[in-house]
Each structure stands twice: as structure tokens, then as C-alpha cells.
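S.K.: Here is how the chains run, residue by residue.
There are 4 protein chains.
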Amino acid sequence: MSNREATEYVVKMRRYFHEHPEESFKEYNTAKKIEEEIKDMGLSPRRVADTGVVVDIKGKSAGKMVAFRADIDALPVTEKNDVVYKSKNSGFMHACGHDCHIAMALDISRYFSANRDFNGIVRVFFQPAEESPPGGAVKMIQEGVLEDVDYIIGQHVGSDIPSGKIGYRAGPSNANADSFRIKIKGRGGHGSAPHKSVDAIYIAAEFITLAQTIVSRKVDPVKAAVVTFGTIHGGYRHNIIGDEVEMTGTARTQDMETRALVKSELRNILEGLCKLTHSEFDFEYEEGYPVMVNDPEITEKIASVASGVVGKNNVVEMPQKMGGEDFGYYLQKVRGAFYYLGISNEKKGFTSSNHSPTFDVDEEALPIGTRVGVAVIKELLAS
Amino acid sequence: MSNREATEYVVKMRRYFHEHPEESFKEYNTAKKIEEEIKDMGLSPRRVADTGVVVDIKGKSAGKMVAFRADIDALPVTEKNDVVYKSKNSGFMHACGHDCHIAMALDISRYFSANRDFNGIVRVFFQPAEESPPGGAVKMIQEGVLEDVDYIIGQHVGSDIPSGKIGYRAGPSNANADSFRIKIKGRGGHGSAPHKSVDAIYIAAEFITLAQTIVSRKVDPVKAAVVTFGTIHGGYRHNIIGDEVEMTGTARTQDMETRALVKSELRNILEGLCKLTHSEFDFEYEEGYPVMVNDPEITEKIASVASGVVGKNNVVEMPQKMGGEDFGYYLQKVRGAFYYLGISNEKKGFTSSNHSPTFDVDEEALPIGTRVGVAVIKELLAS
Amino acid sequence: MSNREATEYVVKMRRYFHEHPEESFKEYNTAKKIEEEIKDMGLSPRRVADTGVVVDIKGKSAGKMVAFRADIDALPVTEKNDVVYKSKNSGFMHACGHDCHIAMALDISRYFSANRDFNGIVRVFFQPAEESPPGGAVKMIQEGVLEDVDYIIGQHVGSDIPSGKIGYRAGPSNANADSFRIKIKGRGGHGSAPHKSVDAIYIAAEFITLAQTIVSRKVDPVKAAVVTFGTIHGGYRHNIIGDEVEMTGTARTQDMETRALVKSELRNILEGLCKLTHSEFDFEYEEGYPVMVNDPEITEKIASVASGVVGKNNVVEMPQKMGGEDFGYYLQKVRGAFYYLGISNEKKGFTSSNHSPTFDVDEEALPIGTRVGVAVIKELLAS
Amino acid sequence: MSNREATEYVVKMRRYFHEHPEESFKEYNTAKKIEEEIKDMGLSPRRVADTGVVVDIKGKSAGKMVAFRADIDALPVTEKNDVVYKSKNSGFMHACGHDCHIAMALDISRYFSANRDFNGIVRVFFQPAEESPPGGAVKMIQEGVLEDVDYIIGQHVGSDIPSGKIGYRAGPSNANADSFRIKIKGRGGHGSAPHKSVDAIYIAAEFITLAQTIVSRKVDPVKAAVVTFGTIHGGYRHNIIGDEVEMTGTARTQDMETRALVKSELRNILEGLCKLTHSEFDFEYEEGYPVMVNDPEITEKIASVASGVVGKNNVVEMPQKMGGEDFGYYLQKVRGAFYYLGISNEKKGFTSSNHSPTFDVDEEALPIGTRVGVAVIKELLAS
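Residue numbers (our numbering), protein chains in the order written: chain A, 1 to 383; chain B, 384 to 766; chain C, 767 to 1149; chain D, 1150 to 1532.
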């Protein structure tokens, strides 16, 4: 298999999945396409957790089992890129790069299916619903994806790293990724008579501005926290005072004390604000993926192997991030680590953040992702 | 026709229309039912303006033509009343009492069709889309509803007047009822990375709180103004920073200078806020129904006639209101006046404001509305 | 006495008092100067209420007693006008025109002392502390200033009326002028550690923004209300989180129900906000001067007499204002009215509002004020 | 010298200085008292930088010179502790523990003056104005306090460390401590006429709430930043709309990029807000003490020596803090380090933060501070 072919395959796959994004827990066509590709390699995929796919590739003799995980779901974002491979599933988009993750995991599977001169087993698996807590990892584990696994590896494309570079971090690497849902309940009425109503839209707006102070004044400045309101919906018509507004959001923290503080302050501000505005509220706070903790020794191996592929200067230590990842659940069970593949490229115009409607990747990074993945797996098989 | 029968008819009709509310400009079934009822009276309705209905009832000899107008559209409100006549068209509700207006106009038609001993012509007409500017009145006028009309009368149910009373006001009686649509345009991104995005939901929230100062600090305190945000919609998902939020609202004023001020301050606040938040905006401001000006002489007649029906103590002068009404367009062409029928009743629990999801009326007021309407028309025919 | 002389006197007096403003209840030098001027006219002033001055001017024979009142205190404003008669008492300024009121009242006294061919008594009196509730009127009444008085007249310079015009209004003419004092009590600490403190300055800021909604959303839009924060003081140093902030302000309303609503909402917002910010508060609300109610018949006389002086077109009906005036206390005891003397002049650059540090008056209006005052008094003496 | 005596001396001194706090750059009596104490020890103090004091204590023979620095100024805080040693200089308080710093530095001087069996010179110096940038350190350096110095040591009492413990940190240890001064310039007027004025107090309030988003949304969540408004003053009187408000505050950051962002966003928000409120502003931003960088090797020595005094378990590594310190200027010239002395004690009720009006220390910690200081100096003299 020439490099050129490999590139063509990984890019072809990435573009296929980019054009066909699917919602978390509903990746039916995605799973079907993955199975087809794997079967075309002469391998035998098996379905788990409804839309998850697992394939085991056996080497020439017995040895360690190394798992490589790709997440496969898309986001409810309407793509704003004007590209030939633009999402055809309106309202959904691979805005977090899982299309790349699938493509590279297939490419890695293809490599090992064609190059069996290793000891042990390479398990490549495709997990649903990373974007949507409780997430697909818990279910995959329940259905046995970690059985007999010695080490596990995950790879994520990062818009904060230039194409050609690899990022790593030992120990706690990201955030508690919690979600909340808030409903403000006022009293509707005619738009011209605010004094006879309790205006839920105004109250929701005030709540969002008041909640800024959780991060600006309540959390220890040397600790990280984010409170983001991701959606807001309320009201019926321009001239009717709305009786209900619903907001959802995410709260990110890097330690348990701050997590508890953010949660209690959200409730506290709601209580005070609803008291002063004569309104009521519903508040649901769901603790999401916990902080992911990478094995230091395996992280060290990844950094070293990656240096061999991209050069020492292109391997960079990352700060602890605010993102959530359900890969952390695997690391609670099995030794392993998660690392990052740079995909931004200012010259080519790939500068948008993950999750934005204009997110896109420098596809020249994808064969690098394949090569690093292959090299890391080989190193761990040999360890 | 006994009183009892009349009551039964007006209540039956009111409940029918209450159960079957329709959107502004789409009152097809409503118009059809009105036509059927009118035909049942032996009269010949004609369709105008797509969903409008007009019927002329001729007296025993020639004379003045007096028009009586009812508006027929419902609001996009989901009814929260637990009543046998609850709206069956989910998401729509006669929350402004137009069901009553139709029922009383039919009842009045029924009266005059059975009692022809008057000179002149009574024109009863049913207008679409009072709730949705540009409104149905303009179209009705274009299609000739005012031709040959000498005087025009309109009646509205008011939750601010107890059942059994009639309200009137000479001269300027309500508000400029304008609407606006605002879109905040930020830059989307991952919910955990606010520093890389421009959070349209936060900006929209800040805008709503800042806009409070138009009324509290910018408008002359002795002048009336309302700025209400009726809807807000934005974002995709709890963990994505939304790039767009759309808000609609209504601005109410009672004079032209204040109207201009409110409009310019909305734009001014948007410009300053978007500058400081690195965002952009769209702003559309539509001038809606102008202030309605009742003819003082005809208002005087209405007050006098109403005193005969409900007693002098039950006829009350109303303050200038903040509501909008496209009846004002008729009054720019023909002499006439608009008056109010009390329908609240604290003992019976009818206390919710017009436009609220729990709005309901004391149905014992409806035959009073019919009787006042009939008496006013007779007085004007005779004048 | 020629007109020219009169002008020179009233302007000279106005400038003298403008240069020497004094604080409410402490107008010692002002009262002394007034006494001297009155003595120079051959009249016998008497002191009341510490810094008040009263003088009775007897006509040729017995008759009615008509009182004319001038208020004499200045405001704690630092003058920003660059004029030869600029305030010499730094930090105080006649920014509400009481210097003019004194000057015209002296000028009127001078006129009647020189022209005794009237029946009855003209009582001119100079009242302290109109700007500072509980105000000087209450004390003046207690000390007998209204004894034997048949009618009472007051005149105020208004920046909202062009020089050369007179404004009048029958019935309720201004506002309940209440004041409040609020202290926010947090917990101090190092400026770098907000999470260990409760930041009273932030909370005060949030309170001021939240309080905007009393006027924008809680008060009936067709009713007038103002909530102004006039002072704010808090904190110790840029790098210390302040534990206390004190604010004072004024609340203006034109009816009792709205007055009660504004007061209760201020408290309500404080309670909710302090709950959500873990802080405490002190709240004092003092009901100030009540709405002033002018006698309609006497107002009619004033308008008529003023037309004779300035021409019918220059006599204008005023809207009900938001200002407070303790003249209302006199009108609760004796028949009378209050009217306005125009003093703005765009061409000459006199456009600043009363109470602003650049307030100034077109002095050509002052002799008009004298003439209208004299004419009104004569009319009432003759009635 | 017995331990008991030593304790008595350090506590006596601490209480003396606590009772007599003085403003930054005006520590005249403090310096005088320090000189007297030093003279009583038989030493020869010299004045530098107006209110600074330096004393050199020579050992038995030549060697290294080790400097020990104490800062001596107090804060403009009104003490709220009810203690026998309460501040007698109303409005000022040693709320940051510099009273302890002086007392321990005197105690250390006393020790070395009585125990000369060391090689080299111990230079103890007392620096004015640590609390008030540009600070006293710059001036002390200009006047030669670092001449011939080999190592420099500073010690600070910390309310975040329990009494009995010592805190240390190598490398960057605190924050850029910048200050700003903002004036909002509106247009004054009568409190009842907001529409004719531009209300500087409302605008300042809005600015403080808007500025919260610098930390909550603009700064990278994994980077530390604080924006505190320490003072606010504006307005003249409850019923006058204020034309000016002045605010001061501090901005804390731990890196240069975030420092620049905070500064530019403060300006940016001011510009946008003043545009939308028709007001103007002044903005001064002064970069204060830079991040202090402790020498790792000397920090290691301090931790090791401190372990010998208080036990290994009582020596703790500190996180990078948000406080500022002009000790950093010395470390730019001479090798050295800064460390922390625990003084909080929950059981005894010493829990208030530095800079709060109820800040107080567990005095049993003070002799520990002396002992650690003496031991560290000895170690460095011997190195």
C-alpha cells in the first residue's frame, strides 16, 4: 500500500462521513458503512451497543491486546462551509472531527489487516455518542469492548494545534463536562402590559448576565471554570409576553470542589432572581464525563513514538483543557492514554474551532494521524 | 327571539370559535363557518380579502349605512385553561377574545335580520388578521368594505373591565403598535472555549437587560412607552456556543416623538453592544398600527346609549391604552368609534389578561355586548 | 421706578445671590441680605424658621391678604459656568434658580412698598430649604406664615419653557418626590481574591441595573415613575474589595398606588439580590413632598392675568411634571396656585436643565416674572 | 535571650505597630520607632528613601551579605476588630500584616546583634509603600539597598496557611498587579428628568456588570485573571443626576498575553458602552508590580531549613497566587526568594483574609517567623 493510496483512502473516507453526519445514538448508516469497509478489508466486524462496531485483527502470534477507539457521532450544527463534501444531512455536521476519527481508525485497520507481522491483537472500535452524555463509552464497556484489552489509545483532532504536530498530556487532561437545563416560569400576557405579567424572557436574560459572576467572582481565580448557555428558547409571538423560557448549557471545571460550587451558585442565583422577579424555575443539573486521567508512562511512549514520526519539535505538551471526553471511562478500567492530532492551518484557512459551523481540517494531517496511530499500537504491542 | 335563545346562541357560537382558533390570514374554516351561520339567517354573505366576510342587512327603507366590525383571528398561544370548550387546534388560542367578537357580530346580524323595522343598511363584517401587522383592515378597505358606509363601530372585550360594564374614550385611545426583529450574530464554537467564540446568547441576554433603560431612562417619564421582547430563539445544543440568536418584540408608544426615540435607541444600543462584544446584528423595525382616534361625538353617543343598557354607573371612561388596533385605519376614512365590553369577573375566576394562556371571559357579558351593539347601531341609523 | 431701574435691580440681586449660594437650612447670609434689602425699602422684615424671612406690605386700606413665596436655598452642585457671577461658595450653586426667585420676590416687595394704592396686605416671604425634605414649608407654616392669608402664589423658573412665556396647570401638577438610602453590606478582602469576599461594589452595580425594571416592566406604562440613583460611594482603595456601598436616590410618582409599588419593588429587588449574592442591606425610604394641587379657579386667573403681560400665545398649559415642591403643603391649607416662568433661550445658549452644573437663565425673563407676580397679586387682592 | 522574652518582644512590637498604622510613603512615625528600637539594640540604622530604614549587622569575620526585607506601610481600611491593640489611626489599619513583618525583622535584628558568631553581614531593611505602586522597592534599590548584597529574603504572613506552617514556591509565584482608574462622564440634571440627562451612575453600574465578562468569557478559562473594582464615587445628592463617577480597580493576571487582553477589553467595553449611552470616559491603566520569580535553588534551601524548624509536614508548596508584590524588583537584581508564614487559626477565630477589616493573626506564629528567618539567613551566610 503506497502512501498515496493510503492518503486517498483516508481522505475519501473522511469526506464520505463528513457528507453523512448522524445524531448521537442514531449513527445507523455510519455503523453500516463502517462494517462494509471493514468487511472489504477481509475482516469480521461485530456490532455492539446498537450503533457501535468492533473489529479484532490478529497478528502472527499471541501477545498483548491493544485497543484503538474512534468516536463516530456528529453534532446538531448546520454547516456553513462551502465545500464539495458539505454535510448532506441538514442540521447536522461533523463539527468536532469525528469523521476524521472514523477515517483514520479505518485506515489503521486497513494497515494492520494487510500487515500481520505482529504479536497480539489490535482491536479497533467505533463508539457512538461521544457528544451526548451519558455517552457511548459506558455502554461499550458494558457490552465487553474492554475484555482482554491490555492498553487503550484514543486520538482527537485539535483546532488548537497546527497540522503536522502531535499534542500530549500526562495525568488529568481535561474537564468535568456537566450539563444543565433551566426553565424560567413567569406569567404570560399582552405585550403592551408588562405590569400585569411576569416576563420570562427578561428574567432569563437577567439570569444569563448574573451567572457570569460565578466564573468572574465566585470561583478561585487560579482554578478553571466555564459556564456556557448553549440554547435559549422562549415566547410565542412578538406582541405576547412569554410565560416560559428554556435554557440549556454546560458547566466545565477541573476539580470537584469547583464543580460543586458552580452547581450550587447556579441554583442560588436562580432562587434569588426568581424571588425578586416573582417567578419560578426548574433546574436540572447532570454531572457528565469526569476528568480524563492519562497514564503517564503510556503518554511518555506516545510522545516518544510521535517524535519518530513528526520530529521532536512537532510534539508538544498540552495544557489541561476544558473539554469533556467519555474516553476517561475506559481509562478508569484499562491503562492507556489519549493524544491530539493537529489539523489547523492558517495559510489554508483552517482556523475555526471545533464545534463551530465553519470547522474544517487540513486533510494532509490525516495520514499523519494514521502513521502515529499505527506506530503507537506497534510500540504497545511490543511492550 | 327570546333573550334566553339569544344567550344560548352567542355562547354556543363563542365556544365553537374558541374550540377552533386559526392563525392570522389563514382563518379559512372560521370564515366558512361564519358564512354558513349567516346563510342560515337567510342573509347573503360575501367573501373579501381571502378570509374576510361581509353581510349587508337592509332595513325597511333607505337611510344611513352603519358598519359593525368584528376581528376573527387567534393567537399562537397554547391554551392552559381546563374547560370543555378548550382549543382543539394545539398551539393556537382565542386569547384575545376574537371568538366573542365573532359571536356577538353574528348575534347582532341575527337580530337585525329578524328585525327589519329600521331605515338604512346595517353592514356587519368579519375582518381577518387583526393580531398580525400589516393587519387585515388595510386589505378590507382596499376591497371596498367602507364603500357607502356613514359610520363604523367596533367593540372589544377587555379583561381590565368587570363584566357588566362598558368602557369608552374619545380621541387618541391606544398606542402605536410597532414590531421589531433582531438577530445577534456572533461566532460559534465549543462550549468549553468561550474565549475563542463570540457568544450570541450572552449578547442577546445583555441586550435585553440594556434595552430596559429605553423606558426607564431615555423616554420622558410622563410619556408612555413599552419595549417587550416576545420571543427569543438561539443556539444548537447545550455544549456548543451559539452563533446566532433571533428575538422579536413590540414597541408601544402614544406619540410620534417617543416612537422615533424608542426606535433609534434600540438601534443605538445594538450598535454599542455589538461593538463591545465583537459581534454583528440585523435590525428590522416595522411601524405597525397607528394610534386609533375615536370621533368624540360618536363616542359620546355610545356612552349615552350604553348607559341606557347597563346603567350610567357602569359606563366608564378609559385611559389611553398601550394596545394596538387596526380599527384605527377605518377611523382614518369614516367617522366612528371603538368601545370596550367588560368581561372579567373575579368571583368566577376570570382574571387573566388578554393574550395570556389562561385568558377566559365571563360569558354572561356576551348578550350585553350584543344589546349594546344593537342599540348603538340603531342610534346611528337614526342620526 | 422706571423699567430699566427695575431690571437693573432684579438682575443685580439675582447675581448677588447666585454668587453666594447656601445649603438648605443654613441660608444665614442669604436671610441677612434679604433683611437688609427689605429694610432699605423702608419695610420691617421678621425672621421665622431660623433662616426664613417674612414681610407684610400694607395697602391704603383693609382687604384680602395675598402671600407670595420665594424659596432661597441652593444645591450641592459645583458650578461649571464660566460667568462673572459664578458661585463663590465652592461646591454649592443656585442650580435650580432660587437666586431668581429671591430677586423677583424682592423686586415685587419693592414695587408694592412704593405703590401702596391697593386694599389689603401683600405678604412676601422667603422660605428656606425647598430642596431638602422635610423642607422649609412645614416649619414656616408651623411658625404662622399662613395666618390670615387668603391666597398664596408661588412662581418657579423653568428650563423647559422659553424666556418670555408663562406656564400653568390646574389640579395635580407634579410628583410625589420621595428619597431613599440603601447600603449594601458585603465582606471585604484582598482585591485579588474575590472568591473569599462578597463584593459590595459589584452588588450595588447589579442593583442599579436591576432597579431599571421597576419603571420598564413593573409600573403601568401609562403611569409616570422615575427611579434615580443620585449618589454612590463605596470602597477604600483600588486593590481592596469593598465591604460597603451607600447609594441615595429619588423615586417620583404621580399617584399613591404607583408610589407604593415602587417602594415595595425596591425592597423586593434588594432582598432577592442580596440573597443571591450572599450579602445584606439597609433600606430607608422617606416619603417626601406630596403631589401639589393647584386651585383651578386661581390657576385660571393666573393664566388670564399672564396673558395680559406676555400675550395669550405665550401662556401655555404644562403637563403634570415629575418634580417635587413643598409649596404643595401651603396649598393644603390655603387656596392658591403655582406657575412657571420661562427662562431658557437657545440663541443665547441657556439650554441646561434645572439642577445641572451648567444651568443658567436668560435674565431678560426676570422683570417679566416681577410684572406677572405683581399683576397676579393685584388681581387676587381685588377679587 | 530566652524564647519567652523573644516572644514577648515580637508580640509587643507587632501590637505597637498595629496600633499605629501609617499610609504608604508617609510612614514617618513607623520609621522613627524602628530606628529607636534598632538603636536600643546597639546598632546604627540609616534612613533611605525618606521613610525606609536599613541596618547592617556584622559577624565575627568577613563573608557573604544576606539581606532580609520587611515592608512597613498600612492600608486605608477602618479596623473592625474589637481588640486591645486596635488601630488608633482611624481609617488606617495593618490589614495585610506588615506590622508582623516589622516586628519579626526587628526580632531577627535583635537576634543577630546579640549573636555575632557568623561570617559576613546581615542586612535587615524596612521598606515603605509595598501596598502602593510604584511601590517603595524601586526607590530603595535606587538608593543602594542592594549594594554588596549576595542573597535577599522576604517573608509574608498568609491567611491561607494555618499557623505553624511555612509555604514556598519556586519560579513565578504571583501575579501582574495592575491598577486602573475610570471616569464616566455623563450630563447632570434634575433627578426627575432622566431623559434630559446622561446618568453617569447608571452607566458606571452597567460598566461594572459588563466587565464581569472579561473574566467569564474573554480570558482563556485555564488562565487566571481577576478584575476588581475597589472604589466607586459619584453624584452630588439624591435628587440630582450625577454627571461624573470615578472608579478604581485592580487587574490581576499571570501572563503577559492575558494582561494585554484584560487591558484592551476594559477599554473596548468602555468605548462600546459610552457610545450606546451617549457618554464619555477617561481610562488610565497602570501596569503595576510584575510577576515575582523566586530562585529555585534558594527556594529549595528555604523549604529545607523550614522543615528543620516546623517539621517536614508543615512545609507546603503554594500555588501561583493572584497577589502582587514589589519584592519581585529585588529578585530581578539579586538571587533570593520570598516565602509565606502561616498565621490563620480557625479555633482561635483568625480566619479573615488579608486586606479585610477583620484581618488578624495568631501571634503564636510570630516567633516561628523569627526562627525561620534566622535559620534561613544563617544557611545562606554559610553557603
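Hints listed in this document are in silico derivations from the structure and should not be mistaken for laboratory results.
Since we're looking at a predicted model, the values are computed, not measured.
The C-beta atom is built at its ideal place from N, Cα and C for all residues, glycine as well.
Be careful, since some hints might not be right.
Ranges of calculated distance between the beta carbons of each label pair, as one might list FRET restraints [to be verified]:
no. : chain 1 : residue 1 : chain 2 : residue 2 : range
1   : A       : D255      : D       : V1287     : 46 to 52 Å
2   : D       : D1404     : B       : N472      : 29 to 35 Å
3   : B       : G691      : C       : M1084     : 37 to 43 Å
4   : D       : S1456     : C       : E1050     : 54 to 60 Å
5   : B       : K568      : C       : E1053     : 33 to 39 Å
6   : A       : M256      : D       : S1456     : 38 to 44 Å
7   : D       : D1431     : A       : D255      : 56 to 62 Å
8   : B       : N472      : D       : D1431     : 25 to 31 Å
9   : D       : D1431     : A       : K333      : 40 to 46 Å
10  : D       : N1238     : C       : K778      : 37 to 43 Å
11  : D       : Q1481     : A       : D255      : 29 to 35 Å
12  : D       : N1238     : C       : T844      : 27 to 33 Å
13  : B       : E680      : C       : E1050     : 50 to 56 Å
14  : B       : G527      : A       : D82       : 48 to 54 Å
S.K.: Are the hints correct? Go through all of them and say.
M.R.: Going through the hints against the structure:
A beta carbon spacing of about 38 Å between D255 (chain A) and V1287 (chain D) contradicts the range 46 to 52 Å that was offered as a hint. Taking 29 to 35 Å as the suggested C-beta distance range, the pair D1404 (chain D) and N472 (chain B) does not conform, at roughly 60 Å. The hinted range of 37 to 43 Å is satisfied by G691 (chain B) and M1084 (chain C), whose Cβ atoms lie roughly 39 Å apart. Between S1456 (chain D) and E1050 (chain C) the C-beta distance comes to about 57 Å, which sits within the given range of 54 to 60 Å.
The hint said 33 to 39 Å for the Cβ distance between K568 (chain B) and E1053 (chain C), and at roughly 48 Å that hint is violated. Checking the proposed 38 to 44 Å range against M256 (chain A) and S1456 (chain D) shows it is violated: the Cβ atoms sit about 30 Å from each other. Checked against the hint of 56 to 62 Å, the C-beta distance between D1431 (chain D) and D255 (chain A) comes to roughly 40 Å, which is inconsistent with it. Evaluation of the 25 to 31 Å hint for N472 (chain B) and D1431 (chain D) yields a failure: the beta carbon distance comes to about 60 Å.
Checking the proposed 40 to 46 Å range against D1431 (chain D) and K333 (chain A) shows it is violated: the Cβ atoms sit about 60 Å from each other. Taking the beta carbon of each, N1238 (chain D) and K778 (chain C) are about 50 Å apart, not inside 37 to 43 Å as hinted. Checked against the hint of 29 to 35 Å, the pair Q1481 (chain D) and D255 (chain A) passes, with Cβ atoms roughly 33 Å apart. In this structure, N1238 (chain D) and T844 (chain C) meet the distance hint of 27 to 33 Å, their C-beta atoms being roughly 30 Å apart.
Range check, E680 (chain B) to E1050 (chain C): Cβ separation about 53 Å, and the 50 to 56 Å hint holds. Distance hint check for G527 (chain B) and D82 (chain A): the Cβ-Cβ separation is about 50 Å, which falls inside the suggested range of 48 to 54 Å.
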